[in-house]
Amino acid sequence: MGAAVSPLVAIVPPPEAAPVRSARIEAPARQAGDRTEGPDVYKVIAPDASPWYGAALNQISGLTALAVGWNGYDAREIKADFAIDAATFLTRVAFPGIAAPSITPLADGGVQVEWHRGGLDIEVAFSDEDPGVYIADREGGETELPLSEAASAIASYWPRLQGS
Amino acid sequence: MTSPHEPIVDFVNPPVAEVSVGVQLEGATLDPSRAIRLFFPAVQEHYPNIAAQPPLPPIQESFEIPTQPMVAFQLFGGPDAQRWLFTSEDDLQLLQLQSDRLSYTWRKEESDASYPRYGHVRDCFEDAYRSYLGVADGEVRAPWCEISYANPIMQPEGEPRPDLSTLVRRVVPQDLSGLPQPFNTGLEERFQLERDGAPYARFFIQVQSTVAPPRRLGYTILLTMRGRPESPDLDGVLAFVDEGRERIVTAFRDITTPERHEEWGRQ
Amino acid sequence: MIPEDAPVPGDTSLLRRVHPSEIVWDDNDGCPRPGSGVFKDPEMSVHLGDVLQDEDRAPETVLAGKPTYSLVSLTAAFVESEQQEVRRRPIDEDQSHGEVCGEKPRGRCRLFARTAEFVVLETNSLKPEVLAKMQSAAADGEDAAPAA
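As you go down the protein sequences, you meet chains A, B and C in turn.
Note that my numbering gives residue 99 to position 99 of the first sequence, counting from 1, and the numbers run on in steps of one.
Note that my numbering gives residue 1055 to position 55 of the second sequence, counting from 1, and the numbers run on in steps of one.
Note that my numbering gives residue 2041 to position 41 of the third sequence, counting from 1, and the numbers run on in steps of one.
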């Protein structure tokens, strides 16, 4: 658990908000004889993940297919490392009950995971240029945190991020 | 196109040991629980045995020039993370079903079974797919299809693996000064197929050095066509796999040597 | 023709293309909006509305050849109130091209994202979950119009 992220936030998350402890991501499980060209396939073990988790992984995977200039200007390709970081982060916070986040590409090659609900705007950016967690509480102030505190910050806000 | 039940190239003893036909599914697909409750009873008579495996990645191809390696994730243990294997009593026929894929496989494995020919494989796949569509609660589409043939060509026990050029005409024999015969050789080729000027499928030729029990050396020629059917319904799927079969069989004939054709009893 | 060094009037629309994957659903406001990452670039490319008007071009022409993209708009006065400078930067293929220059910390990007109005919202290419929420909000009789 990291430092309190807002005066309005409970410091101790409810028991239901415990991260999916048994979840993990393993390096490419590609085998000889697989297709000659294609994605590096990462094995994800997440027995207790939210129902939206599989779709979120597919979205992240889809972002890595975007070509240079995908935003209609001069965006870079999405870097595989940031896609994997985002997937790993979601593995830690995709506990049952939490609402599905939005997953967006960033022009610098990063991936952003965001929630906009419960009076909160939470953005978790995995990128070269501006990595970190940004939390705007419409009932309070704005807070920025390092990525190392992202999972604990989401757990703290769990009551306001519940899916409907 | 040749009829599915007519031979294109016929051998008395074709080396084919596995033929698989599969589709990627979307729409009103069955989750693992409904697959067991609804689909299994419909096919149980022919495929009475059940096993569970982790799911396979989707069947799909990207036709854009890749700008970097793509990342994909294979989820184990999530709500949809189950692949059911339904096998026939003799273990030669296999249906594989997960929330977004269905495939039928005929496989020889270590048996002396004769290849039942493509028409039979197609009929079995069609029956299974119709059963699936019959129990789905709405429209199911197949945006991607795949057909593959695996042909292991093995030497008698104790004999060395021959030069690949004695099997595959696309390889030219060459003596390398200072090097003995290669121990392992492989070949990979990928072809992009176009329909109305746009890519719709890829065709793969893969030749791998293989070892069969107990100590038999040889090669396996794996031929695969994977792509989008002209329409995502059953007719489109069957047309795609018919086309795939024709391309695979003619490619196999073309890339293998006449000497091997004689061994297999070309008719 | 508007000269390159002409000042940019405050009421000038600054248009920016948005890729479908950059559009998110905001449950707080009950509407779709561009993600904050759209506005992150310290030298953010835009298309100036006054040049388009001068060339007798509709804003939608900025999306030519990009049928899946949407288009959002901010005003020059608004971005200037956020310590940004609007520069005309015509390029060969687009005389309306300009840049919004200045530091864009996260809070400012979020403010831009919440303030931007959709000029074109290409619903056919929206992510399924965004489209589903839009349809659900419309069915519930909520105002699913973009936040102004």
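Treat the hints with caution; some may be incorrect.
EDC-like mimics (lysine to aspartate or glutamate), calculated; alpha carbons at most 20 Å apart, straight line [to be verified]:
1) C:2066 x A:77
2) C:2127 x B:1026
3) C:2066 x C:2029
4) A:43 x B:1100
5) B:1108 x B:1137
6) C:2066 x A:74
7) C:2127 x C:2029
8) C:2066 x C:2117
9) C:2133 x C:2060
10) C:2127 x C:2094
11) B:1108 x B:1091
12) B:1108 x B:1157
Simulated from the structure, these hints should not be mistaken for lab results.
Q) Hint numbers the structure violates, sorted upward? A) 3, 5, 9 and 10
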